[in-house]
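Undergrad: Sequence:
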Amino acid sequence: MSTTAETIVLLREAIAALERATAGPAPAGELRRVVDAIPGIVDQVRALLAVAERLDAPPGSCSLGWGVCPEHGATLVTAAGRSRCTVCGTTWDHDREDRHCREPAAFLLGAAPVCRGHAVAAPTRARLTPLDTVT
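Last residue of the sequence shown: number 156 in the numbering used here, and the count goes up by one each step with no gaps.
For the record, the hints were derived by calculation from the structure and aren't laboratory data. Owing to the predicted nature of the structure, the values given are computational and were not obtained by experimental measurement. C-beta atoms are modelled at their ideal positions from N, C-alpha and C, and glycine is treated no differently. It is possible that part of the hints are untrue.
Between beta-carbon pairs, the in silico distance windows are [said to hold, decoys possible]:
1) P125 / G61: 19 to 25 angstroms
2) T150 / E34: 22 to 28 angstroms
3) T112 / V72: 24 to 30 angstroms
4) T111 / V72: 25 to 31 angstroms
5) V72 / R103: 22 to 28 angstroms
6) A133 / P46: 42 to 48 angstroms
7) T150 / E118: 24 to 30 angstroms
8) V98 / D77: 24 to 30 angstroms
Based on the provided sequences and hints, a complete structural model is requested.
TA: The structure is reproduced here in structure tokens:
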């Protein structure tokens, strides 16, 4: 039996392999039908990955399914699998935007626990409550 972290790695590898399978020239006939089904399979594997990442999130972490800069919010650009904050220049050796946020929750956005970065990125009219004031 594999751990959640191992499952996450396997799901990411499956997504990459499926995407590589559709990158080449279009095959003909029966194989074409198989290749045409791959994007739908990738979507299903990504949904499984999101569930696995939520299960693997540390207790008390942000509940949102995408990462942000912990200080500046929605300021990331990602290329070649690396993310960078356009404000502070901090870089991460992975696609932070495409992974479940693992930062510690600091606020409630409505009823959802969110980190400081997601709170910064929230609309100005959003109801944010610091977690230290919640009883």
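Undergrad: Where does the structure disagree with the numbered hints, that is, which hint numbers, in rising order?
TA: 1 and 2
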